[in-house]
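Colleague: These are the residues of each chain, in order.
Number of protein chains: 2
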Amino acid sequence: MKQISLSYGSGGKLTYEFITQYILKYFSNPLLEELLDSAVIKKDLFSTDRIAFTIDGYTINPIFFAGGDIGKLSICGTINDLVAVGAEPKLIACSLIIQEGLEFEVIEKVLSSIRNVCETENVKIVTGDTKVVERTACDKIFITTSGIGIIKDNVKLGYDRIKPEDKIIVTGNIAEHGFAILLSRGSYGFEYDIKSDCASLYPLMKKIFDSEYAVELKFLRDATRGGIAAVLNEIVKQNKNVGIELIEENIPVSDEVKSISDILGIDPLYVANEGKMVIITSDSSAEKIVEILTSHPLGKNSKIIGKVTDTYKGKVVMKTLYGAYRIIDMPTAEQLPRIC
Amino acid sequence: MKQISLSYGSGGKLTYEFITQYILKYFSNPLLEELLDSAVIKKDLFSTDRIAFTIDGYTINPIFFAGGDIGKLSICGTINDLVAVGAEPKLIACSLIIQEGLEFEVIEKVLSSIRNVCETENVKIVTGDTKVVERTACDKIFITTSGIGIIKDNVKLGYDRIKPEDKIIVTGNIAEHGFAILLSRGSYGFEYDIKSDCASLYPLMKKIFDSEYAVELKFLRDATRGGIAAVLNEIVKQNKNVGIELIEENIPVSDEVKSISDILGIDPLYVANEGKMVIITSDSSAEKIVEILTSHPLGKNSKIIGKVTDTYKGKVVMKTLYGAYRIIDMPTAEQLPRIC
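Just so you know, the protein sequences line up as chains A and B, in that order.
What the first sequence shows, in this note's numbering, is residues 1 to 340, in sequence order.
What the second sequence shows, in this note's numbering, is residues 1 to 340, in sequence order.
These are computed hints drawn from the structure, not numbers from a lab.
Heads up, some of the hints might be wrong.
In this list, chains with the same sequence are indistinguishable; a pair is considered to hold if it fits within one copy or across any two.
Taking lysine-lysine pairs in the DSS-like style, the calculated list, with each CA pair at most 30 Å apart, reads [unchecked claim]:
id, residue 1, residue 2
1, K300, K2
2, K258, K288
3, K90, K2
4, K207, K43
5, K109, K258
Please read all numbers here as calculations on a predicted model, not as lab measurements.
Let the hints inform the model, and build the full structure from the sequences given.
Modeller: What follows is the structure in structure tokens.
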């Protein structure tokens, strides 16, 4: 099987071959085909006053998993980071660091997966870079994607907009990505059927951005590493005037995730998602927003999971199934390295 | 010595600590301090009609070398990619992949180096990401930087603008970065004093962009991996209507590089630079541009090294010191992996 060698990262003949025969094969578009040091973008592409700019490195292990792969993950993750500031994702820059010896078959599978998401989501890869490093210097492939999006004029988000009585929504069942990756790594002696929720949230969130309730949105965050516990704790650290109260029975968790988290003793609140948005919105708009979300396949299990309070300032507490209150702390240790 | 652990990449408490105590310590600015999934940029920052967008991964080994380090390199490299399309560099997104166990002292040295370049060059890190991976999965630290710049209205560049009789300029002595890295890796039994030329080329190129000769520029490229041989070959591959003729005696090479390339048998045309721009400009403007370049410390050894021809279409040839013509091919194999 044809394997990649260090020469493909040399800047010479094989780099040129890699770009023209592999990269352009998958991501052909006029901006990318220019093959310049930077993509040149006309400003009139940006029809609104604000632009979103993000970057994320993806080092997930294994690179193929139930529900996705590192290629799909890298594009969806960057799209979701743009969506989380109210943007429509537009352009992607994609940088690959590849381990010498990785089969081209694997590389093409990843590139093809990237292409599929880009096509479905209507984003374009306009610039990129490829490095090949020795076998001991990297594990298979790392992908870093940077994204640019245009922020809808009617969406104004910020930690400072979050006020007591605002509601907290999560757009579906939590913890599926983290458990899918964890289970893919070892043999646990039980049957399971969990897939990563890896998905672009733009089609779902667009329905809210385009609705009359867009102006009611206070804050959005994609609940990845550290799960919804990390996201909610970061919110109360950034806005110390408020606390957060969750209602355990309202938190959407599939039966499968419930039983696995019981067996393994891992709290799903702390487990990574790759296709779930945490939404903070005004009390009055929350139910309407859930109605819109649940009408879309990506949001069908959306729930109001709690509210912002003026008590417990700087803390996240959860009313448990038994009616007791438990503090949900910022996760402290790494539950699972290389989750994304 | 305090070392980084996987938990710093968990998305939890230590990630938050890393961001607030390390990242914000070095790169504090209002956009970054928002700590959102994406930076939110007002469009009026972009005062011109075109925007440049680029990405590059840096995997250099060793991470500290004579004349620079991976931090300086990652910012200068991204700046130079923006400058190469005629842009003023503005915003940087910075993604770190760090090997578990790397000392914080090393990390801080790299961050501090990034900060120094950003301050001098007036670019801002507005968003970022940090992953920590196991010891076996990465070698020390990889940095991927994405950049946004604004393209000067009077600069129009493109392969199709290159015409016979245009002149080719290089902004100084070549091959210093590559040799500095090569020599840093082994013991060669001779004394040398070569430093990487790693530098931001914006202050130098700004003098041309701001001059009446900006409109005469046809094409720019930062001559990194593969050296000026790779850059020039890529040009004649993209514009097959022209050839390139170099004059060996005009190519600026320091005596030090000359003697080392003699000893090692490596052609400096193929060796990487990290602070040299290849400029293609109209015949009539070339000497004026060299005059401006040589008045700046970064360009003091700038030279016209050859011209565009309507013969040798698709090829780069060089008139040697002995008057013979030699074909300068695209580099084929990797001379030195992890050069940038």
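Colleague: Could you run down the list of hints and mark each one as holding or not?
Modeller: Now for the hints, and whether the structure bears them out:
With identical chains, the CA atoms of K300 and K2 are never at most 30 Å apart, being 43 Å at best within one copy and 46 Å at best between copies. For the identical chains of this complex, K258 and K288 are intra-copy neighbours only, at 28 Å inside a copy versus 73 Å across copies, given an alpha-carbon limit of 30 Å. Taking the shortest Cα distances, K90 and K2 never come within 30 Å of each other, neither inside one copy (34 Å) nor across copies (41 Å). For the homomeric pair K207 and K43, the shortest alpha-carbon distances inside one copy (26 Å) and between copies (24 Å) are both at most 30 Å.
Taking the shortest Cα distances, K109 and K258 never come within 30 Å of each other, neither inside one copy (33 Å) nor across copies (45 Å).
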